[in-house]
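Enquirer: For chain A, the structure is supplied; the task is to place chain B on it using the hints.
From first to last, the protein sequence lines are chains A and B. Just so you know, the first sequence maps onto residues 1 to 262 in the numbering used here. Just so you know, the second sequence maps onto residues 1 to 252 in the numbering used here.
Heads up, some of the hints might be wrong.
[To be verified] Output of the computed footprint for chain A on chain B, the stretches with three or more beta carbons under 8 Å from beta carbons of chain A: (1) 47-53; (2) 63-70; (3) 184-193; (4) 225-239.
Treat the hints as calculated values from the structure; they're not laboratory data. We put the beta carbon where it would ideally sit given N, CA and C, even for glycine.
Read off the chains here:
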Amino acid sequence: MAEVLRSLRPGSGGDPAAAGARALGVPGVAVSVFPRSPDGVGAVRAPEPLWCFPELSLRFEELQFTLGEGPGPDAVRAGIPVLEPDLRLVAPDRWPVFLAAAQQLGVHGVCCFPLALGGARIGLLTLLCDGSGPLSDIQLQDTNTLTAALIASLLGDRGPLDGLSSMNGGPVGSDGAAGHDGDGLWPPEGLRRAVVHQATGMISVQLDTTLAQALVRLRAYAYSSGRPLGDVAEDVVARRLRFEGAMDDDGNGPHSPDGGEG
Amino acid sequence: MAREQRLAEVFVEIADSLIDDFDVLDLLQRLSARCVELLGVSAAGILLADADGELQVIAASDEHTRLLELFARQHDQGPCMECFRSGAARTNIDLRNSGAAADWPRFTPRAREIGYVTTHAIPLRLRDRVVGALNLFQRTDRRLAEDEIALAQALADVATITILQQRSLEQSHVVNTQLNSALSSRILVEQVKGVLAERWNTSVDDAFHAFRSYARSHHLRLTDLARHVVDGSFDTAVIPAPEAGPEAGPAA
Chain A
1 MAEVLRSLRP GSGGDPAAAG ARALGVPGVA VSVFPRSPDG VGAVRAPEPL WCFPELSLRF
61 EELQFTLGEG PGPDAVRAGI PVLEPDLRLV APDRWPVFLA AAQQLGVHGV CCFPLALGGA
121 RIGLLTLLCD GSGPLSDIQL QDTNTLTAAL IASLLGDRGP LDGLSSMNGG PVGSDGAAGH
181 DGDGLWPPEG LRRAVVHQAT GMISVQLDTT LAQALVRLRA YAYSSGRPLG DVAEDVVARR
241 LRFEGAMDDD GNGPHSPDGG EG
Chain B
1 MAREQRLAEV FVEIADSLID DFDVLDLLQR LSARCVELLG VSAAGILLAD ADGELQVIAA
61 SDEHTRLLEL FARQHDQGPC MECFRSGAAR TNIDLRNSGA AADWPRFTPR AREIGYVTTH
121 AIPLRLRDRV VGALNLFQRT DRRLAEDEIA LAQALADVAT ITILQQRSLE QSHVVNTQLN
181 SALSSRILVE QVKGVLAERW NTSVDDAFHA FRSYARSHHL RLTDLARHVV DGSFDTAVIP
241 APEAGPEAGP AA
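Only chain A is shown next, with the shape it has when bound in the complex (with noise of 0.2 Å):
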């Protein structure tokens, strides 16, 4: 399981997929992250994946999000998690199409985990399962800490959406990273306050934009700034900062009510 929190440090070079499969001890494993939308606050979609280990469990990735059903479908739709380590036991009518084409792919069982904070919906987490019987709790105790570091990390202010945060006017310092020890990712400083949640449901409708968007702004604000994510969000939530700006413009990151219309 080091190795697979290694990989995901940025520029770390490695393949959490591989390195999960390899840790968890089952066949394949993807991570899908949803696509900003820039009209869909509202509308579910589906995750793309991102990693997957090896090319079959993006082939099944792909398969299950065309064919809009499936354990990872019903995994989003419902935000918890959907195990059906063997795909024989399933009932035919759950999934009448995709089942016959997952096992002709060569995929016996598969266990979705949605990776998501509260109502920031950050992506899917895949385990393709040999059939051979469900997880152990070893493998289900691993597999809650992988959830954590990908939510992390996928929420990171280097981390693969990071360009959403940069290119999207977000404050980019140029020197802002200075006082920072390095990934700043693990583990996920700040998440467990109240008012960060509170600031990031306020500048999800500052930004008309999700609540993984505006907690990925919050967070590259903060980092940017080498402040502490959860002195930012107080600020946020006590009126003393907002973010504004549509997220396609540039230029427009947070800034002080004082002196505006108050």
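Expert: Frame of chain A; chain B shown alone:
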């Protein structure tokens, strides 16, 4: 009303809720409020361990953010963390004691600032496993007696059952899923507080108050309504917005 009679009523109320399709956050919040009432303490909160074994607040007798933040400070230190790690109750802890400040430098001063002088931590236990803690705060130094601590443990046990919903307790992955789901609901509710506060230009605490009143008066599950707010399928304009105003006062 005699405490015994009130106590019987509380357990009947909780048992009734468990039979229905209940909302875990709402029930735990009620349970926290009942702890305050029955034990004569100033505040109560329920904390659960997350996947990393750190404690997160799941419900409190009072949703004021200052109180939530105090519970959150115990994610890695404080009486709750010690109770969680050892599985043993930590009761009648005097926060004015220099030992408390030395042991928990991030937690104790904040608790004192709010005006608390005594705290207690009671484990949430499922057989040999500890899944979290019930945390109590008092503004006075009245000691909780043995029978009151036993009552606190009984209420903590009810909280555990509520969270784990009685089913398939043997399967630890089911336990983990239910713990994660409760923690996730908690985060969702905080996000919705922010969404509503921004739409209504009120404090998050006032926003939550209006939101919860609406959910209760319409018999809607708090978590379901929160999810519908977030995914845009519920028009929040139908909720009477609280009057915009300054932040509410400190936690009771």
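Enquirer: Would you mind marking each hint as holding or not holding in the structure?
Expert: Hint check:
Residue count for the segment 47-53 of chain B with a Cβ under 8 Å from a Cβ of chain A: 3. That meets the three needed, and the coverage hint holds. For the segment 63-70 of chain B, the proposed coverage by chain A is satisfied: 3 residues have a C-beta within less than 8 Å of a C-beta in that chain, meeting the threshold of three. Counting residues of the segment 184-193 of chain B whose C-beta sits closer than 8 Å to any C-beta of chain A gives 10, which meets the bar of three, so the coverage hint holds. Using a Cβ-Cβ cut-off of 8 Å, 6 residues of the segment 225-239 of chain B lie near chain A, which meets the minimum of three, so the contact claim holds.
The structure meets every hint from the earlier list without exception.
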